[in-house]
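> From first to last, the protein sequence lines are chains U and Z. Everything in the first sequence is counted per UniProt numbering, starting at 1 for the first residue and increasing by one. Everything in the second sequence is counted per UniProt numbering, starting at 1 for the first residue and increasing by one.
Take the hints with a grain of salt, since some may be wrong.
Identical copies carry no separate label here, and so any pair may be met within one copy or between two of them.
As the list claims (entries may be wrong) - Dumping the calculated SDA-like pairs for lysine to any residue here, alpha-carbon to alpha-carbon at most 20 Å:
#1 LYS352 x THR230
#2 LYS58 x ILE321
#3 LYS281 x LEU244
#4 LYS301 x VAL288
#5 LYS270 x ASN293
#6 LYS58 x GLY330
Treat the hints as calculated values from the structure; they're not laboratory data.
Protein chains: 2
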Amino acid sequence: MATDSPIRIGVMGCAEIARKVSRAINLAPNATIAAVASRSFEKAKSFATSNGYPESTKIHGSYESILEDPEVDALYVPLPTSLHVEWAIRAAEKGKHILLEKPVALNVAEFDKILAACEANGVQIMDGTMWVHNPRSAKLKEFLSDSDRFGQLKTVQSCFSFAGDEDFLKNDIRVKPGLDGLGALGDAGWYAIRATLLANNFELPNTVTAFPGAVLNEAGVILSCGASLTWEDGRTATIYCSFLANLTMEINAIGTNGTLSVHDFIIPFKETEASFTTSTKAWFNEFVTAWVNPPSEHTVKTELPQEACMVREFARLVGEIKNKGAKPDGFWPSISRKTQLVVDAVKESVDKNCEQISLSGR
Amino acid sequence: MATDSPIRIGVMGCAEIARKVSRAINLAPNATIAAVASRSFEKAKSFATSNGYPESTKIHGSYESILEDPEVDALYVPLPTSLHVEWAIRAAEKGKHILLEKPVALNVAEFDKILAACEANGVQIMDGTMWVHNPRSAKLKEFLSDSDRFGQLKTVQSCFSFAGDEDFLKNDIRVKPGLDGLGALGDAGWYAIRATLLANNFELPNTVTAFPGAVLNEAGVILSCGASLTWEDGRTATIYCSFLANLTMEINAIGTNGTLSVHDFIIPFKETEASFTTSTKAWFNEFVTAWVNPPSEHTVKTELPQEACMVREFARLVGEIKNKGAKPDGFWPSISRKTQLVVDAVKESVDKNCEQISLSGR
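Next up, chain U with everything else stripped away, as it sits in the complex (with noise of 0.2 Å):
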């Protein structure tokens, strides 16, 4: 049986978080790093140099000129997100496939373009949220969907806040209403989001009110702030999001059977190994001093850090595609799309003084 060659991934844009992911596509054993490009072409070159690319690693001193290069499968997009539906649309025109950096774009009408670019063309599309890919998810997953030992869900709170230094909250694309809008929610918020949704099956809740005491900066950039969310059978769940506090990354899921908790989702402590606790039945002893069946932690090894793993999961469809002539998947891409209509949502309500938002029809 012959091997397929790697998926070429071309590297568009020079941003911090494409260290991370150059390093991923060279772990991940189904792609490699074609070509990589810059508004700078001595950017660009001093970026392959510094993050050891292959020789062969084109140079390319435009976006334009990237697009172009014949020997590029799939364009990893870590732009700032004002630039997605641009950049984005203009990959899909010209057939590449599109690792697209969170958030998707600014709002989902624009990302809806996107997708429509991407259809229209038959390119695959995924996100860039790299946690979902840890084997640990599919772990969690596996718990969450179990009758005996969760039961059925009942809530779901979620929470990722970072200290941003003096530095980052003045300079930090992420704070610029220009390029990320939608600053700690788009970012942090994205994560959080996401896990909820993880947590409900991918159904998308129903009402989004946003907490009062958001914090905006001067710009009207959201720094931090808070939503609870509703769905139809009576779940529920909360989500934080701050660029102002220590950093925390927190799941909590509570069934009518069980509990999950996750006190990493986004990066795990370490890179090898990934840790989440559950509890079944949990009550006291006889006099309530004391726990009968309390949490218990479960580990699961990471073969691949869960980067490598997305880029390993995003280059086998691109693969599929490429040389069976397979659909794109539609998977990844309708998670994205209700990532973003819930940030949206939520952006929403904390535009309009906390009024709460019904997603139905969206």
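With the hints as your guide, set chain Z onto chain U.
For chain Z alone, coordinates are given in the frame of chain U:
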């Protein structure tokens, strides 16, 4: 130096929780069980026997009778919440100090009547929230007030749920409007609210807003709900409580520099020790694939079970009054009142379709 004799406590009502507190009174070095009362002499006698009360324990066949007992210094009152206002006031009028189960009243107006009676009669009142007396709680406060390790609080999330079985959800006093009409909010929510107040140095929030999606039973008693809280300087909190989901109790407090997590804050996993995790200035390694300064666990040995620590502190305060002519302590009733105020505000917001409730001036 003469040792003062133990404070003589009467147990007023034979609720399930009274078994645990009776054991705690026996364990506390400065307290003793002097009497027990029920509406039936036989029930009180049987309760005394089955809980190993001393032979000398006086058995009272009515609540009126135990109030008249001159050999009772103080009363532990685990009666249904709807009866608190009547019996706590009558106890105070008889000069009995009061250890009152939570929620302390059906609303703060009732509790203020109790407080007035206690003040008029110079008696101590303390509520039955045990976990704040665990030696761990002092360590939690120490971390939360450390400006280097924790910094300024930004948000605190707290939840307490347990899965009531069919019998509980049908027959327990906590689902009966005429008995414990505050339901899950007054029971489980009380603890979560107390945790958010503790993290906020017992400052009252400015606003309280219930989450959409509260669940009420047919009689209108809350079975699950949540709320977001805000403070003037941008601090926020969320609380969640439920009778409908697996046993879970979490505090997650995030400051500018640090994070505190407690997974068993109300009843520790073990009776003999209690843990919590902290992190300070947590961040990522170079490729953002693992943590630097991940959370670390701290364990506090529990010399006495927390409920015995509570009785010891209550008896100490009563002893100061009885033996040294001290005035009743004001701290404990003040935090009971604040907790009740927030309970009331959540209830009001649930009743008013998630309207934002202002606590200023309350």
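> Next step is simple, just say for each hint if it's right about the structure.
A quick look at each hint next to the structure:
no.: 1; hint: LYS352 x THR230; verdict: both (18 Å within a copy, 18 Å between copies)
no.: 2; hint: LYS58 x ILE321; verdict: neither (24 Å within a copy, 84 Å between copies)
no.: 3; hint: LYS281 x LEU244; verdict: between (36 Å within a copy, 12 Å between copies)
no.: 4; hint: LYS301 x VAL288; verdict: between (36 Å within a copy, 18 Å between copies)
no.: 5; hint: LYS270 x ASN293; verdict: between (27 Å within a copy, 11 Å between copies)
no.: 6; hint: LYS58 x GLY330; verdict: neither (31 Å within a copy, 74 Å between copies)
Violated hints for the displayed structure, listed by number in ascending order: 2, 6.
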